[in-house]
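If you read the sequences in order, they're chains F and U.
Everything in the first sequence is counted per numbering that gives the first Met the number 0, starting at 0 for the first residue and increasing by one.
Everything in the second sequence is counted per numbering that gives the first Met the number 0, starting at 0 for the first residue and increasing by one.
Misleading hints may appear alongside valid ones.
[Claimed, not checked] Below are the DSSO-like pairs computed for lysine-lysine, each with C-alpha atoms no more than 30 angstroms apart in a straight line:
1. Lys108(U) x Lys94(F)
2. Lys27(U) x Lys33(F)
3. Lys37(F) x Lys27(U)
4. Lys108(U) x Lys45(U)
5. Lys94(F) x Lys85(U)
6. Lys33(F) x Lys108(U)
7. Lys27(U) x Lys108(U)
8. Lys2(F) x Lys32(U)
9. Lys32(U) x Lys37(F)
10. Lys32(F) x Lys27(U)
11. Lys85(U) x Lys62(F)
12. Lys2(F) x Lys27(U)
[Claimed, not checked] Ranges of calculated distance between the beta carbons of each label pair, as one might list FRET restraints:
13. Glu35(U) x Asp27(F): 42 to 50 angstroms
14. Asn113(U) x His89(F): 20 to 28 angstroms
15. Ser66(F) x Asn42(U): 20 to 28 angstroms
16. Ala54(F) x Gly25(U): 24 to 32 angstroms
17. Glu35(U) x Asp78(F): 29 to 37 angstroms
18. Asp158(U) x Ser41(F): 56 to 64 angstroms
19. Ser66(F) x Gln39(U): 16 to 24 angstroms
20. Glu90(F) x Ile127(U): 34 to 42 angstroms
21. Arg38(U) x Lys37(F): 45 to 53 angstroms
22. Ile100(F) x Lys106(U): 18 to 26 angstroms
23. Leu189(U) x His89(F): 41 to 49 angstroms
24. Lys188(U) x Ser66(F): 30 to 38 angstroms
25. His172(U) x Ala54(F): 19 to 27 angstroms
If you are wondering where the hints come from, they were derived from the structure by calculation, not from laboratory data.
Here a beta-carbon is modelled for each residue, glycine too, at the ideal position from N, C-alpha and C.
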Amino acid sequence: MYKAAVIGDSASVSGYAALGLSVFRETDPARVKKLISKLAASNFAVIFITEPAAALVGDTIEKYRSSRLPSIVLIPAVDGNTGDGMRALHEAVEKAVGSDILN
Amino acid sequence: MARLNVNPTRMELSKLKKKLESARRGHKLLKDKRDELMRQFMNMIKENRQLRVEVEAAISEANRYMAVAGSVMQREVLETALMLPKQEIELDVEEKNVMSVIIPVFKSKYRIDNENGIYSYGTAFTSIDLDGAVAALSSVFPKMMRLAEIEKSCQLMADEIEKTRRRVNALEHIMIPDYEETIKYITMKLSENERSTTASLMKVKDMVLKQSHNFN
């Protein structure tokens, strides 16, 4: 049986605890990196991570991009939407089609 | 375009012809695979984009509530209210095969089905905005799971499309032209050999005739 996790600053992720997700209040790059590897190795299928936290550990997220699990999803943090999540989507289109045709 | 380094013999020629045949068949198949993958990818990416817009809007909404709740309640009280969740989520991960790309399908199981039963705190000491934040998150959560699923699928498919496209291009622009050129080279070389043999035979015949019969 798999589980879902949320990583980010305390203010952004506290609410998800009520939904039954495992909440990790981490914003230190090295610890977030370690945490993602740990979660990926155990039975976490979905990891939601706030955009500011994701921006700090871009290479780790990139590493899990082509593996089947876990699915790492960027979500906006409490201090606003940076558009990184949408940018990742545009990158996928660019990779597949050769140019960004979504605009 | 480079000619392959092979001996111009009939055996190599028939080998190459077979290789060319299967390269052409492979090219056609891979091209079809690429087109179909691309079609499915376009559908998915549209849904992905739509979902992302919706989810981001809903989370921003929930965050607004949370910010207000955080400002009217003490940080500790807020944390304590959410410390021991009642709700629990377990995920079942199934696999789906889309054009040989294995994509995950998530099925979530909740411990509490009633969406009003998930509040892990009494209402006496908490702000109503906290309820709003939890309600907003809980209503968007199924969409978030779908987003997780479809975003992963899109990433995996984008990888596969890129790989397939490279294979198609390698076959179309390198392997097939190379084979064709080598086959042409061997055919020319063989017929050249044949002509040269015929010519020398004719020459020998002339010489023999001339010697034995003084025939001109």
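Starting from the hint list further up, note which numbers the structure goes against and sort them upward. 1, 2, 3, 5, 7, 8, 9, 10, 11, 12, 14, 16, 17, 18, 21, 22, 23, 24, 25
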